[in-house]
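Using the sequences provided together with the hints, build the complete structure.
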Amino acid sequence: MSVVLEEKAPAEAGSGPQSIVNDFSIHVATANGSGSQSSNNILMRAIFQMGIPVSGKNLFPSNIQGLPTWFTIRASKDGFIARRRDIGVLICMNPETVHEDVRTVHPGAAIIYEESLKLDSSRRDVSFYPVPFQKLVLELVQDGKLRRLAVNMIYVGVAAWLLKIDMEEIRQALARQFKGKEKAVEINWTAIRGGYDWAEKNLRKTDPFRVERMDKTAGKIIIDGNAAAAIGCVMGGVQVLAWYPITPSSSLAESFIDYCRRFRQDEDGAPTYAIVQAEDELAAAGMVLGAGWAGARAMTTTSGPGISLMSEFVGLGYYAEVPAVIVDVQRVGPSTGLPTRTMQGDIFSTYNLSHGDAKHILLIPGSVEECYLLAMEAFDLAERFQTPVFLMSDLDLGMNNWMADPFPYPEKGIDRGKVIRTEEELQSHVRRFQEFGRYKDVDGDGIPYRTLPGEIDNPTAAYFTRGSGHTERATYSEKPEDYERNMDRLARKFETAKRSVPRPVIETGSGSRVGLIAYGSSDFAVQEARHLLSRKGIPVDYLRLRALPLTDDVPEFLASHDRVYVVDQNRDRQMYDILRLEAGPDAFKLRSIRHYNGFPLDAETVLEGIEAGEKN
Amino acid sequence: MSTTRETSAPATNRAGLTVKDYGGLKSTLCVGCGHDVITRQITQAFFDMGTPPYKVAKLSGIGCSSKTTAYFADRGHGFNAVHGRMPAVATGAMLANHSLLAIGVSGDGDTASIGAGQFVHMLRRNVPMIYIVENNGVYGLTKGQFSATADLGSKLKTGVVNDLPAIDLCAMAIELGCGYVARSFSGDMKQLLALIKGAIAHRGTSLLDVISPCVTFNNHEDSTKSYKWAKEHEEPIQEIGFIPYFDEIYVEYDPGTTQDVALHDGSHIRLKKLRADYDPTDKNAAFGLLREAQEKHEFLTGLLYVEPTKKDFLSLLGLPAQPLSTLPLERVRPAREALAQMMEELK
Numbered sequence: 000m001s002v003v004l005e006e007k008a009p010a011e012a013g014s015g016p017q018s019i020v021n022d023f024s025i026h027v028a029t030a031n032g033s034g035s036q037s038s039n040n041i042l043m044r045a046i047f048q049m050g051i052p053v054s055g056k057n058l059f060p061s062n063i064q065g066l067p068t069w070f071t072i073r074a075s076k077d078g079f080i081a082r083r084r085d086i087g088v089l090i091c092m093n094p095e096t097v098h099e100d101v102r103t104v105h106p107g108a109a110i111i112y113e114e115s116l117k118l119d120s121s122r123r124d125v126s127f128y129p130v131p132f133q134k135l136v137l138e139l140v141q142d143g144k145l146r147r148l149a150v151n152m153i154y155v156g157v158a159a160w161l162l163k164i165d166m167e168e169i170r171q172a173l174a175r176q177f178k179g180k181e182k183a184v185e186i187n188w189t190a191i192r193g194g195y196d197w198a199e200k201n202l203r204k205t206d207p208f209r210v211e212r213m214d215k216t217a218g219k220i221i222i223d224g225n226a227a228a229a230i231g232c233v234m235g236g237v238q239v240l241a242w243y244p245i246t247p248s249s250s251l252a253e254s255f256i257d258y259c260r261r262f263r264q265d266e267d268g269a270p271t272y273a274i275v276q277a278e279d280e281l282a283a284a285g286m287v288l289g290a291g292w293a294g295a296r297a298m299t300t301t302s303g304p305g306i307s308l309m310s311e312f313v314g315l316g317y318y319a320e321v322p323a324v325i326v327d328v329q330r331v332g333p334s335t336g337l338p339t340r341t342m343q344g345d346i347f348s349t350y351n352l353s354h355g356d357a358k359h360i361l362l363i364p365g366s367v368e369e370c371y372l373l374a375m376e377a378f379d380l381a382e383r384f385q386t387p388v389f390l391m392s393d394l395d396l397g398m399n400n401w402m403a404d405p406f407p408y409p410e411k412g413i414d415r416g417k418v419i420r421t422e423e424e425l426q427s428h429v430r431r432f433q434e435f436g437r438y439k440d441v442d443g444d445g446i447p448y449r450t451l452p453g454e455i456d457n458p459t460a461a462y463f464t465r466g467s468g469h470t471e472r473a474t475y476s477e478k479p480e481d482y483e484r485n486m487d488r489l490a491r492k493f494e495t496a497k498r499s500v501p502r503p504v505i506e507t508g509s510g511s512r513v514g515l516i517a518y519g520s521s522d523f524a525v526q527e528a529r530h531l532l533s534r535k536g537i538p539v540d541y542l543r544l545r546a547l548p549l550t551d552d553v554p555e556f557l558a559s560h561d562r563v564y565v566v567d568q569n570r571d572r573q574m575y576d577i578l579r580l581e582a583g584p585d586a587f588k589l590r591s592i593r594h595y596n597g598f599p600l601d602a603e604t605v606l607e608g609i610e611a612g613e614k615n
Numbered sequence: 000m001s002t003t004r005e006t007s008a009p010a011t012n013r014a015g016l017t018v019k020d021y022g023g024l025k026s027t028l029c030v031g032c033g034h035d036v037i038t039r040q041i042t043q044a045f046f047d048m049g050t051p052p053y054k055v056a057k058l059s060g061i062g063c064s065s066k067t068t069a070y071f072a073d074r075g076h077g078f079n080a081v082h083g084r085m086p087a088v089a090t091g092a093m094l095a096n097h098s099l100l101a102i103g104v105s106g107d108g109d110t111a112s113i114g115a116g117q118f119v120h121m122l123r124r125n126v127p128m129i130y131i132v133e134n135n136g137v138y139g140l141t142k143g144q145f146s147a148t149a150d151l152g153s154k155l156k157t158g159v160v161n162d163l164p165a166i167d168l169c170a171m172a173i174e175l176g177c178g179y180v181a182r183s184f185s186g187d188m189k190q191l192l193a194l195i196k197g198a199i200a201h202r203g204t205s206l207l208d209v210i211s212p213c214v215t216f217n218n219h220e221d222s223t224k225s226y227k228w229a230k231e232h233e234e235p236i237q238e239i240g241f242i243p244y245f246d247e248i249y250v251e252y253d254p255g256t257t258q259d260v261a262l263h264d265g266s267h268i269r270l271k272k273l274r275a276d277y278d279p280t281d282k283n284a285a286f287g288l289l290r291e292a293q294e295k296h297e298f299l300t301g302l303l304y305v306e307p308t309k310k311d312f313l314s315l316l317g318l319p320a321q322p323l324s325t326l327p328l329e330r331v332r333p334a335r336e337a338l339a340q341m342m343e344e345l346k
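Just so you know, the sequences run in chain order A and B. In terms of numbering that gives the first Met the number 0, the first sequence is numbered consecutively and its last residue is 615. In terms of numbering that gives the first Met the number 0, the second sequence is numbered consecutively and its last residue is 346.
For the record, the hints were derived by calculation from the structure and aren't laboratory data. The reader is advised that the hints may include incorrect statements.
Pairwise CB distance ranges, derived in the manner of DEER restraints [as the list claims (entries may be wrong)]:
#1 B/Thr11 / A/Arg472: 25 to 35 Å
#2 A/Lys178 / B/Leu163: 51 to 61 Å
#3 B/Glu336 / A/His98: 51 to 61 Å
#4 B/Glu336 / A/Lys180: 20 to 30 Å
#5 A/Ser121 / B/Lys346: 36 to 46 Å
#6 A/Glu480 / B/Cys29: 23 to 33 Å
#7 B/Lys346 / A/Gly336: 31 to 41 Å
#8 B/Ala10 / A/Asp257: 48 to 58 Å
#9 B/Asp221 / A/Tyr475: 28 to 38 Å
#10 A/Gln17 / B/Glu336: 47 to 57 Å
#11 A/Lys411 / B/Ile248: 56 to 66 Å
#12 B/Lys230 / A/Glu480: 43 to 53 Å
All residues carry an ideal CB built from backbone N, CA and C; glycine is no exception.
The following block contains the structure:
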């Protein structure tokens, strides 16, 4: 058993007042489609409004109605918002899973459940709170059709009583949830209040969990990574979005659409963007390439299966040198199985996506704020390097709720890259370089200049775009020397990209010879694991990758440590393998920690991995 | 009728350009390939219409047909995309810059098999572009396999018989709401030229299914896509005249024998009926005609269906007058207050 649990496990149920304040997880077990989302949001929001750092995760099935789903809310006074393995408060609303749910909680947990399920004899080391939900909802809600949903509000009231959540905050969170729907607010408030009053009258608290007002969330926002990335795209001036619905990326496109409708209109009401729901991901990728070729900032959003389908077009984009931004909200795949669970599953395949030689720029956000910032950055890099750029998010980051500071307004302009758009620019280019060669490296950085279709009425500006076989002047060629020269230039361009991609975030200074490399949504759990490790006397330095290709920082980090653990949320240790191949002579120091069960990473996994490694 | 204009074309057109200015690279297709004839008609049509060649965006997929976009209008940009996926690239390009004149050249393999999905959705959206299928019933570049437009019972040179029915791209296009659907034959240059000009004048997808014999793999005795077969069987449903919007010559016509169709840019198509009472603005008539032709193994050419006022995809999206690709940062990045409002709502 890990130290975390020992530290936080409460005493035997009912044995006393030793409180656990602002440091536990609430786990709500319901059936999918039963309308519990609003209730869970209200609980989470109310805790957030009390100034307590919080996060919310939906562990849901691939289903619209009926299959089991869980929502976890973590309150953490220290600001750790990764998933916690141990559950403090379990709310059982799904009879299908109730026995398994009860079996898996740790000793000392509080369990709220429907009275008729008669669970109280099943365990002796937890606190049971039977609540007659069905009976109460009959009394509290007159409209029979609303009872199925309103029953979830009763548990909000019971939990508020149990955890000492301020009812005024609950009320505000409720009003926010059903903004402008007075009647819904009223009906739900009756249910919440009813649950609270019943609990106060009939239950006796025997568990240690409760909240207490803090001041750690003032001014903060709660947002999911998909909405954050969507705002980044809106602010980044995206002009064309072509997408095909796929979980867990659909909500990114839908947020983008919502924000565009509100904030991306010309004075006369005309949209400054175009959105196409494509017939499939191949078409979405093709539209993005067509739009990028013709000079628009264009993007698509997808997940693993879509990435596979886009492979051919992405390869063409690499060779034809067309800017494109592809957001991959990674999930478990393929086909049916765990499409609604999280994974860092596409790192290796996307890095090299295409037939033939290809390497791509991958940006890997590690927070909602970075979803916003790197989404914007992706367009600059795509246009600067005239190539497809990937934003590698994942389901945990993309679809779950995270606390963050409000996003800063972009102070710098946008980088549209080396584009010749007017006759004057063309003349000046020709004067400088004697000619316009679409694929000619005149600056020595591997990045050529491009023109856009239909902009300059001059035959010199026109060129023919095709795949790999072309000369520097974009004419057709199958000559070995032309092909090689072009491939070498593309490699040179990628070298230039190494100096332009976001550098890793490095936290050293612990004096430790042990290092840790992680990326993406792993950051939350890794931060917490480092905290726990240093308390146990094993401080570790940390390098969080934010992009591929690797920058020089990585070999330097490896050189200054003896052992470096790489955290991957996949079985095949994909980033570890890339580092082994590309991180230089010290790559032998790398060790792998893997997590791949579909659930978001938790701190204990990282902690245990490093502890086990350091023992050897 | 003004169809005689082509033969007396002046050395320069209204844009002050010669027909050579609409040319491209030398073809590398087989000598006698039907595709090269089509290329010449495309070149001539752009010249006759005075289209600014730098505004032409040429798009194609993969196959012999798809190579031909390099053979005309090389003052315009071209994009040789991946197999069967040209419609998506064209759609994206038009979204970015609606001032382009997009012309896609595809083949029967590129369109009716690997590209069937994208073809269908391009038609459904009514993306403003000319889409020419150079249809020869075989895969040329991979040396002679049947395509999905090969007629039932037709034979390959090797003796292999096609036992699957042909996909009728025109019927498919009409079904999916395409507003300009024509079938032609590369051997019927006069008709083809008029139909291409009509396509240039039309706003929306215009589909031209042009039978274009493959001299190397499908021009033998038992082929139903050979020059000989097509010449012997071609049955035009109209004589087609094209009157461009800038032509002030008004020619009287007899509404009993001739139908006049006004196109988007003000040009007109004059159809002298060869099939009594066939009205190409009548969708049901078009379906009926194609079904009948299929049953009787007739090779009908001409303007099968036209709906010039149908809204194209870009109009449906309500895009601004200025192409999206040219909008400056201040028009595509919301103001500071807008972001502040987004953030406030998330607090």
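| task | Against the structure, test the hints numbered earlier, and report the numbers of the ones violated in rising order. | result | Nothing - there is no hint that the structure violates, so all of them hold.
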